[in-house]
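Starting from the given sequences, assemble the full structure and let the hints guide the process.
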Amino acid sequence: METLSAQQNLSRLRWQCRRGMLELDLFLSGFLNNTYSQLDHRQQQIFEDILGLPDQTLLEYLLGQNQPDDKDIAHVIQQIRNSAGPHA
Amino acid sequence: MKIPKRKFDVLVIGAGGGGLRGSLQLAQAEASVAVVSKVFPTRSHTVAAQGGMNAALANVLPDNWHWHMYDTVKGSDYLGDQDAIEYMCRAASKIVIEMEHFGVPFSRLENGKIYQRPFGGQSQNFGGDQAARTCAAADRTGHAILHSLYQQNIRAKTHFFDEFFAIDLIKDDEGFILGAVVLEIETGEPMLIEAKTTLLATGGAGQLFRTNTNAHINTGDGLAMALRAGVPLQDMEFFQFHPTGIAGKGMLISEAARGEGGYLVNKDGERFMERYAPHAKDLASRDVVSRSISIEVLEGRGCGPSGDYVHLKLDHLKREVLDKKLPAICESIRTFLGVEPATDLIPVYPTAHYTMGGIPTNRHGQVVVPVSTGEEPIPGLYAVGECACVSVHGANRLGGNSLLDIVVFGRAAGNDIVNFLQENRYHRPMSEESVESALGRLARWDQKGKGEPVDTIRRELQAVMEKYCGVFRNEDILSEGLGKVLEIEQRMSQVRLQDHSRIFNTARIEAMELENLIDIAVATVTSALARKESRGAHSRTDYPDRDDQNWLKHTLYYKDTRRLDYKPVKLKPITVESFPPKERVY
Ligand SMILES: Cc1cc2nc3c(=O)[nH]c(=O)nc-3n(C[C@H](O)[C@H](O)[C@H](O)COP(=O)(O)OP(=O)(O)OC[C@H]3O[C@@H](n4cnc5c(N)ncnc54)[C@H](O)[C@@H]3O)c2cc1C
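Residue numbers (the working numbering), protein chains in the order written: chain A, 923 to 1010; chain B, -3 to 582.
Source of the hints: derived by calculation from the structure; they are not laboratory data.
Cβ-Cβ distance ranges computed for the label pairs, FRET-style:
1. B:GLU266 x A:GLN965: 47 to 53 Å
2. B:ILE(-1) x A:GLY974: 29 to 35 Å
3. B:ARG421 x A:GLN966: 47 to 53 Å
4. A:ASN1004 x B:ASN60: 49 to 55 Å
5. A:ASN955 x B:SER489: 27 to 33 Å
6. B:GLY334 x A:ALA996: 17 to 23 Å
Note that the structure is predicted; figures quoted are calculated from it, not measured. Note that CB positions come from ideal geometry on N, CA and C, so glycine has one too.
Listed below in structure tokens is the structure:
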């Protein structure tokens, strides 16, 4: 498949943020809309890796029930957590 | 237009627990099976089910399937079909063991047996003491079921089309369903999947309502596809509002929270469920608890600055207990509300949760329509899971009965399709006309120009449904609501997309999802307006009582003329005596 334009890539990610749980939809879509564009290229790549995780694993990370071993992933997870919350 | 074509024995639309249990049965019987899913299979909504799955294993308290059947019939407010309910409850224990063999790690008691927790509407001995019937794999039961079934399907060589969106069913002049036109989301190109049988397992339509517990993917696509193929939808007026969604946000606080000892209080700190359901209290059936909360709020006993919610109290339980028994729920409360369940009260309000109505089927999963002599299957079409109405949940579903429903009837449908395939060995000639019509639905979104955005209309639709078709309804509110929904339907023809690209054009998918939601909204409000009684989740303030004389029957809504029809409830079980309608007290 040809390389995607920035717009197409964003649409692709938008679909990857469609998950099986409302909580994840809120965490991930909110982050994609509000924060993703401010990440550097490497962090954007990590966000994509995070989207590849199973829903349950992702939920446990995002609710702070479990910590990812990888420091970089943990950092982006924390950013997603910060972007959600009672006032989001 | 010529489009690529693939041929299979069976097309399964939907990769949640229902679809995957069906496809597994078929793949193991050596049928060629295609499963299409608009999201990666293990991101299906089944993954969200945390509470568990019912089966009368009697591991914690005495139990048997007949009591489970009684509770389900009573919970359904006698609208459930008793043959299907008997079938499901009888099968439950075997099904749990089978799921365990497939790899679901059910939580254990100290004696090694499967742990079971009490859930709402469960009783011993036909309405006696609380039962404990819900089997859980910690609070990840749905996840475990979905992943196990997915792995089993991979092993059985089921063919997956991941991130393909089904647009419409294909039907020939004789009424046979021949497969579906689907859209590959990545390329934006349509494809025809021809199949001797099609199984719809597309899940519910929680996105009909503004505040709901569902994932965004739950737009009821299969229900709308069925409507457009001329199939009626059954009992759409019955939509379950879960008593404890986080107020204003929707996230579900599972019944497990009350099962573990949590209870509801009003602004005076009163445990008000003692008034409404002296016996079962906070674990009364969901419709009963939801109505009680709404009444507390309407009568001025709500909490918070606007008095528009009640509190769930967990702070009398120890933090260790909460973190052990309800870890995800507690974290969710901490994250999204910023409150500590071990010390603070939690604002909750009834929240749209589950689609009891759906595509009418019999207990073999065959989609059936009424004919003068009774019912007749639509050849080549099956439906299971939340999109189907078999109907085991009737007017109100019991917690833990849906995961059971999807695997029991997914399996049953798989078995019946194997028989169907033996009698229908060849693909029928394709109906080009029907394919063209499905493609027309897609082409419509190529229209250019100015128009309203999809987002605005969806938000309006959801707000209208919440306001005019919520927990309490009456003639005036519903009539006004119907007018509003029809007006939205009109406006839909003026909606235009700004993005006409093909690759990952998710705006186009969202537009088609919205069309589906609108069809379902019309079905829901029309059916609710017509039913002049209160039963289960359908609560009419102008007709507050259940009326078995006139309304002990299933609603059927047809899209073509917005016509309603009715069919009798199957009160006769398969082997046991019928449970005749009684007053429902908890
Ligand atoms: C938060 C929450 C918690 C719950 N907890 C419990 C519980 O503890 N116990 C219980 O018994 N029940 C529970 N339920 C209910 C239960 O989870 C669902 O009813 C059940 O999982 C539905 O399964 P399903 O297989 O019918 O559909 P789903 O799991 O919703 O799957 C639908 C599938 O259809 C696909 N699909 C939809 N439209 C299209 C299309 N147009 N094209 C292609 N594919 C499509 C989707 O991609 C998905 O694969 C809960 C529900 C919620 C919302």
